[in-house]
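Those protein sequence lines, which keep their order, are chains Z and S. Mind the numbering: the first sequence is residues 31 to 239 in our numbering, read in order. Mind the numbering: the second sequence is residues 31 to 239 in our numbering, read in order.
Possibly wrong hints are sitting among the right ones.
Since the list gives no way to pick one copy over another, a pair counts as held whenever it fits inside one copy or between any two copies.
What the hints assert, rightly or not - Straight line, CA to CA, 25 angstroms or less: simulated DMTMM-like cross-link-like pairs of lysine to aspartate or glutamate:
1. K66 - E220
2. K37 - D62
3. K67 - D180
4. K76 - E55
5. K52 - D89
6. K76 - D193
7. K225 - E189
8. K238 - D182
Calculated from the structure, these hints are not laboratory results.
Single-letter residue listing:
2 protein chains.
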Amino acid sequence: MKFYDCKTAPSPRRVRIFIHEKGVEIPVEEVDLRQKKQFDTEFIRKNPRCTVPVLELDDGEFITDTLAICSYLECRFPEPPLMGGDPVQRARVLMWYMRIVDDGFMAVAESFRNFVKGFRNKALTGQIGYPQIPDLVDRGRKRTAQFFADMDQHLANTEFVVDDVFTLADIAALVAVDFATAIKTEISDEQRNLKRWHASVSARPSAKL
Amino acid sequence: MKFYDCKTAPSPRRVRIFIHEKGVEIPVEEVDLRQKKQFDTEFIRKNPRCTVPVLELDDGEFITDTLAICSYLECRFPEPPLMGGDPVQRARVLMWYMRIVDDGFMAVAESFRNFVKGFRNKALTGQIGYPQIPDLVDRGRKRTAQFFADMDQHLANTEFVVDDVFTLADIAALVAVDFATAIKTEISDEQRNLKRWHASVSARPSAKL
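Looking at chain Z on its own, in the form it has when it is part of the complex (with noise of 0.2 angstroms):
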């Protein structure tokens, strides 16, 4: 297997993320967003919508989605399940990763993507040029406050995002707030519940990453 990586982008944060948990080594290529390597004639060979992480598999098949690639690792590797423990937990990791992806890393990268000059004609991923949109620069910001405001009122209740473990879930959410900083939102003093919990995570080894 190889991970196509890129340490600066918070998309393949979470894979990375999800391996060092898992305790396995993969090797990795970085692939230079900021020098535009992802249009590469290459690597649209091995993704066509030009985007990281993308996973080879042993018979050189590329996985090209962060949910797609950690199903299959968590297959691979079940120990220590990442992805729920039951079918009800498994539902409940899935919602809260949709949600959480939907809501909050859409959100920042919404308002990221439609302000940043390098993106002017690229707000969304992939070959097409699509030019920005100054409305949703607001537009955006608000969600991630929503989204902020949402998440600490979850995680009164909870340890981590799904019960009392550390799942996918978490790690989404993490790479989500982490990437709100690049729009200037951060967890205010008032959402306590939401700062306990991103310490908590924050705290592990692979949070490093």
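Got chain Z; can you put chain S on it based on the hints?
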């Protein structure tokens, strides 16, 4: 269990088809989105995101995301498998599901919800009102056209979206393509692969739902 559905809405249609393909019967409660029943206090208690589908489990827990619901049903009713027969195929199904939802379904929704008058201050689902952004009408339409072209190319070499087996990826693609009629996007005569696949999956009894 109980399945909260809305017969006129595309999102819960994925679960409707999934349940029919499993050959199981699950009691249904209709949530009339046109009557804004998703904003009733009682429904918000079930799903604060104000969306269907929702699956109520036997112990009263609510699962509120299509993928999470399908994952749970796949565990409860393994036959026929609709999410992949082995770890690699499962990864493929998830990868295509995510891609189809992001590039297809959400592209249609982006154009539709920013255009239709009824969504004037509800351009996104959920309790918070976000105003429409006119630029997204055209962007969503362009992305949808690109999605159709990409799917046509992909389906040149495969009977179904993943390998030679009908899966959740086909369900997601069928619902996205049919939803696109709401923004007047249809399969062109030149898109022969997509047309062949669409005729095939539309002929299944589950597609009538």
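Checklist entry - So which hints don't hold here, by number, going up? => result Checked against the structure, the only hint that fails is number 1, while the rest are satisfied.
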